[in-house]
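Heads up: the protein sequence lines correspond to chains A and B, in order. Its first residue numbered 1, the first sequence is counted upward by one per residue in our numbering. Its first residue numbered 1, the second sequence is counted upward by one per residue in our numbering.
These are calculated hints, taken from the structure and not from any lab test. Any given hint could be a false lead.
Identical chains blur together in the list; that is why a pair holds if it fits in one copy or across any two.
[Claimed, not checked] Distance condition first, Cα-Cα at most 20 Å in a straight line; then the derived EDC-like pairs of lysine to aspartate or glutamate:
#, residue 1, residue 2
1, K21, D309
2, K43, E297
3, K269, E330
4, K21, E8
5, K269, D240
6, K111, D35
7, K188, E238
8, K217, E315
9, K21, E315
Read off the chains here:
Number of protein chains: 2
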Amino acid sequence: MSSFRTMEWTNGNLHLLDQTKLPCIEEIVICKTMDDVCESIKKMVVRGAPAIGCAAAFGYVLGVRSLVENFNFENMSPDSCSSLVSKGREKIYQSLLKTRPTAVNLEWALKQMQRLDYKEHESMGSYVNAIESKAIYLLQEDINTNLKIGEIGADLLGQCRSVLTHCNAGGLATGGYGTALGVIRSIKSRFGDISVFATETRPLLQGARLTAWELTKDDIQVTLITDSMCGALMQTREIDAVIVGADRITANGDVINKIGTYTVSVLAKENSIPFYVAAPWSTVDLGTHSGGDVEIEQRNVNEVRGFGDSVWVQENLSIFNPAFDVTPVEYVSAIITERGVIRGSVDLQEKGLDYEF
Amino acid sequence: MSSFRTMEWTNGNLHLLDQTKLPCIEEIVICKTMDDVCESIKKMVVRGAPAIGCAAAFGYVLGVRSLVENFNFENMSPDSCSSLVSKGREKIYQSLLKTRPTAVNLEWALKQMQRLDYKEHESMGSYVNAIESKAIYLLQEDINTNLKIGEIGADLLGQCRSVLTHCNAGGLATGGYGTALGVIRSIKSRFGDISVFATETRPLLQGARLTAWELTKDDIQVTLITDSMCGALMQTREIDAVIVGADRITANGDVINKIGTYTVSVLAKENSIPFYVAAPWSTVDLGTHSGGDVEIEQRNVNEVRGFGDSVWVQENLSIFNPAFDVTPVEYVSAIITERGVIRGSVDLQEKGLDYEF
Chain A
1 MSSFRTMEWT NGNLHLLDQT KLPCIEEIVI CKTMDDVCES IKKMVVRGAP AIGCAAAFGY
61 VLGVRSLVEN FNFENMSPDS CSSLVSKGRE KIYQSLLKTR PTAVNLEWAL KQMQRLDYKE
121 HESMGSYVNA IESKAIYLLQ EDINTNLKIG EIGADLLGQC RSVLTHCNAG GLATGGYGTA
181 LGVIRSIKSR FGDISVFATE TRPLLQGARL TAWELTKDDI QVTLITDSMC GALMQTREID
241 AVIVGADRIT ANGDVINKIG TYTVSVLAKE NSIPFYVAAP WSTVDLGTHS GGDVEIEQRN
301 VNEVRGFGDS VWVQENLSIF NPAFDVTPVE YVSAIITERG VIRGSVDLQE KGLDYEF
Chain B
1 MSSFRTMEWT NGNLHLLDQT KLPCIEEIVI CKTMDDVCES IKKMVVRGAP AIGCAAAFGY
61 VLGVRSLVEN FNFENMSPDS CSSLVSKGRE KIYQSLLKTR PTAVNLEWAL KQMQRLDYKE
121 HESMGSYVNA IESKAIYLLQ EDINTNLKIG EIGADLLGQC RSVLTHCNAG GLATGGYGTA
181 LGVIRSIKSR FGDISVFATE TRPLLQGARL TAWELTKDDI QVTLITDSMC GALMQTREID
241 AVIVGADRIT ANGDVINKIG TYTVSVLAKE NSIPFYVAAP WSTVDLGTHS GGDVEIEQRN
301 VNEVRGFGDS VWVQENLSIF NPAFDVTPVE YVSAIITERG VIRGSVDLQE KGLDYEF
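Start from the sequences, fold in the hints, and give me the full structure.
See the structure below:
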């Protein structure tokens with residue numbers, strides 16, 4: 001396991017390690033309401049597709065709990081009660097869903113929560129208990145999934161001694177352990193030392209701040225580079241593999257991940273370095289054919305104008321700030337999921353047959 | 001011409017627009033001694049291969065002037081005088097040369113200065129006047145060279161309406177006007193509007209701070225992106241060409257330029273976008289066979305740890321910080337010089353026959 005907790009459900013509140021403040025300050029944000037959770041996801045106090053999914057599940061619990069507390073369902077007719085809960089649940093679902101548009105795990109986790117039917121419970125209290133248990137289960141499941149991805153990834157990449165990763169697909173991006181960094185943790189524990197090159201990942205510097213922090217915390221050798229150094233590094237140093245996470249994987253195998261991932265994949269191909277994606281099956285979106293069909297979140301341009309309180313560009317400058325890009329399936333050597341290793345787009349559809357979204 | 005002065009020789013001192021403070025503060029650093037110039041080059045108050053060459057020429061003038069002022073050559077024997085000046089000149093040459101190891105224009109400009117023989121002058125005063133005139137001539141020549149590169153580049157790229165550039169190969173990187181940005185200025189003045197995408201160019205943010213500033217200053221449409229967005233931009237937007245400068249071009253046509261240039265060239269090739277380099281002939285190093293033979297400057301890792309007073313990574317993190325990378329000739333569509341357009345490595349050697357280093 002990773003030596004820190006990305007999130008904890010404590011006394012009915014969601015405790016989040018504030019990732020906007022790492023690595024300089026280790027601070028906990030306590031979310032007592034669904035709005036707190038929405039705000040934390042939007043502000044990227046919690047980020048990373050699987051972590052967002054888990055946090056949203058707890059946000060759903062907080063939303064429903066508040067709904068139940070605000071009405072005296074005992075005195076309502078079954079129809080009024082049903083209508084009120086339905087509407088409330090839908091509003092909660094939509095509020096959480098729209099916090100980040102790209103990560104499919106968010107939708108996946110919320111659908112898991114919606115599937116619990118309040119009508120099957122004898123009281124609202126028992127329904128709230130059930131969804132709370134479900135959210136706790138999803139968090140634990142996410143960690144288990146990461147451990148499984150790590151195991152399968154280490155089988156595949158065990159020989160790698162030097163890998164490059166982009167952004168943070170680590171314990172901080174998940175319930176714990178991590179996807180891409182989970183594979184690295186598993187390689188280290190099974191095969192010994194591994195050296196990681198981490199891109200800083202502008203604009204929000206998840207690589208410099210989060211990946212470097214969590215690998216150092218777990219005593220894994222990490223060297224930081226700027227995003228622009230990937231090419232030179234692959235040209236001049238021995239890099240055995242690239243491994244990254246994913247925010248969404250479409251039916252044809254295209255990978256939507258942090259802006260810059262496509263760039264790294266092209267460089268890897270040009271330098272004959274295998275390019276791996278590690279992600280839970282919940283990242284797979286079989287309902288979307290290819291990367292071109294995915295809405296890419298455009299974030300506030302202030303993120304590019306500087307960092308934190310530092311601003312280094314002039315006023316009124318035209319700026320782009322897409323949060324993600326699309327790595328077409330032909331650049332991906334393999335996708336490592338808890339269900340096994342996927343190569344190419346055909347497998348994805350096949351493996352999807354027994355998959356219930 | 002560009003609407004600002006990168007450097008000016010005024011009252012026997014070198015005035016430099018402080019590029020470490022742009023775009024927020026427009027401040028002039030006045031160099032009164034050779035050491036001031038060395039310091040300004042090292043600290044990147046002035047940067048960009050051609051600008052460094054011009055600044056070093058003025059540094060040479062300041063060094064020799066101080067040498068002459070400190071000794072009473074009038075009362076020395078011709079032999080003592082000759083020995084003292086020889087040693088002094090060599091020390092000045094070496095001090096300036098070692099300020100930045102990669103840019104070949106620096107060496108080129110200093111050699112131009114060394115070629116002026118003090119023995120051919122009737123007095124030290126007349127020698128100092130001659131080298132001062134030479135430095136002024138080199139600065140004017142650099143601007144003329146840029147104008148010629150711009151003209152030739154606009155012939156070649158006149159149809160381009162949307163180009164991507166990396167780092168700053170502009171008026172700020174040269175005596176004025178610029179190489180890559182000079183071509184853009186020429187296209188704009190001859191063919192009308194052109195839209196430029198500028199990478200921010202971590203770690204020192206020359207794209208965000210300098211390219212964006214000078215293009216805005218000259219009313220050229222510019223959009224800022226992070227370095228990691230190059231791939232996504234080429235994938236999703238119409239980019240007609242990439243154009244960058246060079247710090248050194250080796251005999252086989254390899255291009256040494258700001259870290260990240262190789263990455264952009266690979267992405268351009270993958271997306272069938274032509275990749276142009278604009279540089280004065282003084283950037284060509286026929287004495288070095290290929291990029292692999294060039295020493296790449298490794299800069300202080302603190303540059304990657306943050307920017308300015310902002311630091312966002314933990315202490316004691318392992319970091320790489322190469323200032324340049326090598327773009328192999330096969331990724332370069334053409335090199336635009338004041339002598340004409342060069343394609344491939346054969347031309348380079350041929351055009352070098354009449355070239356005196």
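Going through the hints against the structure:
Taking CA atoms no more than 20 Å apart as the test, K21 paired with D309 passes in both settings, with 12 Å inside one copy and 17 Å between copies. Taking the shortest alpha-carbon separations for K43 and E297, only the intra-copy value of 14 Å comes in at or below 20 Å, while the best inter-copy value is 38 Å. For the homomeric pair K269 and E330, the shortest alpha-carbon distances inside one copy (9 Å) and between copies (16 Å) are both at most 20 Å. Taking the shortest Cα distances, K21 and E8 sit within 20 Å of each other inside one copy (18 Å), while across copies they are farther apart (44 Å).
With identical chains, the CA atoms of K269 and D240 are at most 20 Å apart within one copy only, with a shortest distance of 12 Å there and 23 Å across copies. Proximity of K111 to D35 under the C-alpha cut-off of 20 Å is restricted to the intra-copy arrangement: shortest distance 19 Å within a copy versus 67 Å between copies. In this assembly of identical chains, the alpha carbons of K188 and E238 lie at most 20 Å apart only when taken from the same copy (18 Å versus 43 Å across copies). In this assembly of identical chains, the alpha carbons of K217 and E315 lie at most 20 Å apart only when taken from different copies (12 Å versus 38 Å within one copy).
Only between protomers do K21 and E315 lie at most 20 Å apart by alpha-carbon distance; the minimum there is 15 Å, versus 26 Å within a single protomer.
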